[in-house]
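Colleague: Sequence:
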Amino acid sequence: MQAVALPTMESELRALAWATLLTPACAVYARFAACCLRPGIPRLAALLPTFPVFVYMPCMFSSLHLRLFSTFFHTWLATNKLVLLALDLGPLHPRLPLLPFVLCAGLPIKVRLRQSQQQPTKNQPPSSSSPPPGAEFLRPCARSVLLLSCLTVAYPYTGWLPLYALHYLYCIQIFLTLDLVFSCVMLVSAALMGGASLERQFNTPLAVTSLNGFWGRQWNLMAVDLLRESAYEPVRARWGRDVGVLAAFLMSGLLHELLYWYLTLQQPRGEMLLFFMFHAAFQIAERWARAAGLWRPNKAVAYLLVTAFMVVTISEMFFGPFVRAGTDVRLKEETMAMVELIWGARKYLLRPFRVASS
Numbered sequence: 001m002q003a004v005a006l007p008t009m010e011s012e013l014r015a016l017a018w019a020t021l022l023t024p025a026c027a028v029y030a031r032f033a034a035c036c037l038r039p040g041i042p043r044l045a046a047l048l049p050t051f052p053v054f055v056y057m058p059c060m061f062s063s064l065h066l067r068l069f070s071t072f073f074h075t076w077l078a079t080n081k082l083v084l085l086a087l088d089l090g091p092l093h094p095r096l097p098l099l100p101f102v103l104c105a106g107l108p109i110k111v112r113l114r115q116s117q118q119q120p121t122k123n124q125p126p127s128s129s130s131p132p133p134g135a136e137f138l139r140p141c142a143r144s145v146l147l148l149s150c151l152t153v154a155y156p157y158t159g160w161l162p163l164y165a166l167h168y169l170y171c172i173q174i175f176l177t178l179d180l181v182f183s184c185v186m187l188v189s190a191a192l193m194g195g196a197s198l199e200r201q202f203n204t205p206l207a208v209t210s211l212n213g214f215w216g217r218q219w220n221l222m223a224v225d226l227l228r229e230s231a232y233e234p235v236r237a238r239w240g241r242d243v244g245v246l247a248a249f250l251m252s253g254l255l256h257e258l259l260y261w262y263l264t265l266q267q268p269r270g271e272m273l274l275f276f277m278f279h280a281a282f283q284i285a286e287r288w289a290r291a292a293g294l295w296r297p298n299k300a301v302a303y304l305l306v307t308a309f310m311v312v313t314i315s316e317m318f319f320g321p322f323v324r325a326g327t328d329v330r331l332k333e334e335t336m337a338m339v340e341l342i343w344g345a346r347k348y349l350l351r352p353f354r355v356a357s358s
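Residue numbers for the sequence shown follow UniProt numbering, so the first one is 1 and each next one is one higher.
In case anyone wonders, no lab produced these hints; they're calculated from the structure. Check the hints yourself; a few may be wrong.
[Unchecked claim] Cβ-Cβ distance ranges computed for the label pairs, FRET-style:
| # | residue 1 | residue 2 | range |
| --- | --- | --- | --- |
| 1 | Gly-293 | Gly-194 | 45 to 53 Å |
| 2 | Ala-302 | Cys-36 | 47 to 55 Å |
| 3 | Arg-296 | Trp-261 | 40 to 48 Å |
| 4 | Ala-237 | Leu-294 | 24 to 32 Å |
| 5 | Pro-268 | Asp-242 | 19 to 27 Å |
| 6 | Cys-36 | Leu-99 | 15 to 23 Å |
| 7 | Gly-40 | Arg-296 | 34 to 42 Å |
| 8 | Leu-166 | Ala-25 | 23 to 31 Å |
| 9 | Leu-138 | Met-9 | 24 to 32 Å |
| 10 | Ala-289 | Thr-20 | 45 to 53 Å |
| 11 | Thr-8 | Ala-291 | 49 to 57 Å |
From a predicted model like this one, the values you see are computed outputs, not experimental measurements. Backbone N, C-alpha and C define an ideal beta-carbon position, used for all residues, glycine too.
Using the sequences provided together with the hints, build the complete structure.
Modeller: Put into structure tokens, the structure is as follows:
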């Protein structure tokens, strides 16, 4: 059975170099084409040559983590943003300055106005000082590294845990890994854009008390915004809110089927799609029950019930295909190697601060 080759430092650095060259090149071309052509078929036709580049880019990597992030950054987000750009929608616009356009096209970032750039009200004078750009992302980076280190130490002793408890740890690992990478990306992007304030991509997703809240306001907010604009809003405008929700989850399920193929090189069997359509149905049912007054538990009960529902469905329907393919073992090994590399490099990273303090 075909599987993704084991990564080497040389192969991954080569792939990163190519991705670092190709992504800005495609973004610059897309901005130039969007400036020259009106929205619609002409602009979409001009942007089509960039799509195969972004679809192929994850295949350059052997590391499953890098494949995962390349799939999300390039195949999902960049392609979706460019399709929306062709329709004069989405976060990209030809009038954006070149650097913010390139960064927003290739990375999961969304610029917002800083408070210091907003007009002060009569009762609120402008603040005299503001935190340095990206400072809000330093704490998530440190927290994720610390907790991932704890998980790395704990994994060898988790053999006695029930399956659902182990898979709950997997959920925590996924969140911490995504939050670490996204926070680092935003930290660098904010510095490059000279103080731009960027929106966080997660809003306490482990404190989930509602399926509607989790999928709409807590988890992977950049993907939520794009799904809302490319699937939910157009379908809702014609067939109603519930059909719009089904369309957004259908699109997300298909994208996760593609992710499954990238990570395993095995033919998808529709299990990712089934998982997301199952959650779409329960999200709609939850909203109906809440509107009818049938589902109004207190926060503690809601947290326990919704967390149990999430862990059981993720364990049975989402993790199952990846576990059968051995992807979970590869991801754990890569996580442990990454944490060891970070801890091994900490003395070199902290050396300038030691010299400055002495």
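Colleague: Against each hint, give a clear statement of whether it holds in the structure.
Modeller: Okay, the hints, checked on the actual structure:
1. Roughly 51 Å separates the CB atoms of Gly-293 and Gly-194, a value that falls within the hinted 45 to 53 Å.
2. One distance hint, 47 to 55 Å for the beta-carbon pair Ala-302 and Cys-36, holds here, with the actual separation near 52 Å.
3. Distance hint for Arg-296 and Trp-261: a CB-CB separation of about 41 Å, consistent with the stated range 40 to 48 Å.
4. For the pair Ala-237 and Leu-294, the beta carbons lie near 29 Å from each other, so the given range of 24 to 32 Å is met.
5. Remark: the range hint 19 to 27 Å for Pro-268 to Asp-242 is upheld by a beta-carbon distance near 26 Å.
6. The hint said 15 to 23 Å for the Cβ distance between Cys-36 and Leu-99, and at roughly 20 Å that hint holds.
7. Range check, Gly-40 to Arg-296: about 46 Å between beta-carbon atoms, so the 34 to 42 Å window is missed.
8. Between Leu-166 and Ala-25 the C-beta distance comes to about 43 Å, which lies outside the given range of 23 to 31 Å.
9. Taking 24 to 32 Å as the suggested C-beta distance range, the pair Leu-138 and Met-9 conforms, at roughly 27 Å.
10. For Ala-289 and Thr-20, the Cβ-Cβ distance of about 48 Å falls inside the hinted range of 45 to 53 Å, so the restraint holds.
11. Distance hint check: the CB atoms of Thr-8 and Ala-291 are about 55 Å apart, consistent with the given range 49 to 57 Å.
Comparing the model with each earlier hint shows violations of hints 7 and 8; every other hint is respected.
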